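Using our numbering, read the sequence shown as starting at -16 and increasing by one per residue.
Hint data in this document are derived by calculation from the structure and do not stem from the laboratory. There could be a bad hint or two in this list.
Distance windows between CB atoms, simulated [to be verified]:
1) Arg44 <-> Thr7: 46 to 56 Å
2) Arg(-1) <-> Ala111: 54 to 64 Å
3) Ala77 <-> Ala38: 34 to 44 Å
4) Thr59 <-> Val114: 16 to 26 Å
5) Leu27 <-> Glu94: 31 to 41 Å
6) Arg24 <-> Glu116: 27 to 37 Å
7) Ile11 <-> Met(-16): 23 to 33 Å
8) Ala13 <-> Thr59: 31 to 41 Å
9) Gly53 <-> Leu19: 18 to 28 Å
No farther apart than 25 Å at their CA atoms in a straight line, the calculated lysine to any residue pairs in the SDA-like style are these [unchecked claim]:
10) Lys88 <-> Val107
11) Lys88 <-> Ser101
12) Lys88 <-> Arg112
As the structure is a computational prediction, the values presented were derived from the model and not from experiment. The beta-carbon is built from N, C-alpha and C at its ideal position, and this holds for glycine as well.
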Amino acid sequence: MRISHFVEAVREDLGRLGALGDETTARIAAGLADALAPALRARLLEALDVVVAEANRPGERPTLVVTLAGDDVTLTRPVTTGEPHPDAAGDLTARFALRLPDELKARIEREAQRRGASTNSWMVRALAREVAESLEHPGPRGAQELRGRGRS
-16 MRISHFVEAV
-6 REDLGRLGAL
4 GDETTARIAA
14 GLADALAPAL
24 RARLLEALDV
34 VVAEANRPGE
44 RPTLVVTLAG
54 DDVTLTRPVT
64 TGEPHPDAAG
74 DLTARFALRL
84 PDELKARIER
94 EAQRRGASTN
104 SWMVRALARE
114 VAESLEHPGP
124 RGAQELRGRG
134 RS
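Take the sequences, apply the hints, and build the full model.
Structure representation (structure tokens):
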């Protein structure tokens, strides 16, 4: 959807309202419409951000993603792969050392326990999901893309 479509519709509405008055009122309404356009654009994006935040559950993978490319805003639902394919874990013989901040380690352990899994199993599944999603949506996440949750 194009944000400018909505901004232009509000401009036209203000123009029609201004036309109900005299010439000065019409000129003021037109000036307000021009001045209001950037703020209205920002508020529309903020509203979409709230929609995404409410659709996505904290601590879980996003179920709704809003992407901004120029004037185009796209709401999409990422393809969920569910549990990783059994072959994704392989035979679990590969090892590597991973240093985590204590707080992150504690959060991972709590989440694994909440889901009834060992920390290792939870991490294997989480990493497999992340890699699968990266393969489904290749390309860098640019500055024009919004993901996840947020409130203002």
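Each hint, compared with the structure:
| no. | hint | in the structure |
| --- | --- | --- |
| 1 | Arg44 <-> Thr7: 46 to 56 Å | 55 Å, holds |
| 2 | Arg(-1) <-> Ala111: 54 to 64 Å | 56 Å, holds |
| 3 | Ala77 <-> Ala38: 34 to 44 Å | 36 Å, holds |
| 4 | Thr59 <-> Val114: 16 to 26 Å | 20 Å, holds |
| 5 | Leu27 <-> Glu94: 31 to 41 Å | 34 Å, holds |
| 6 | Arg24 <-> Glu116: 27 to 37 Å | 30 Å, holds |
| 7 | Ile11 <-> Met(-16): 23 to 33 Å | 30 Å, holds |
| 8 | Ala13 <-> Thr59: 31 to 41 Å | 36 Å, holds |
| 9 | Gly53 <-> Leu19: 18 to 28 Å | 20 Å, holds |
| 10 | Lys88 <-> Val107 | 14 Å, holds |
| 11 | Lys88 <-> Ser101 | 13 Å, holds |
| 12 | Lys88 <-> Arg112 | 19 Å, holds |
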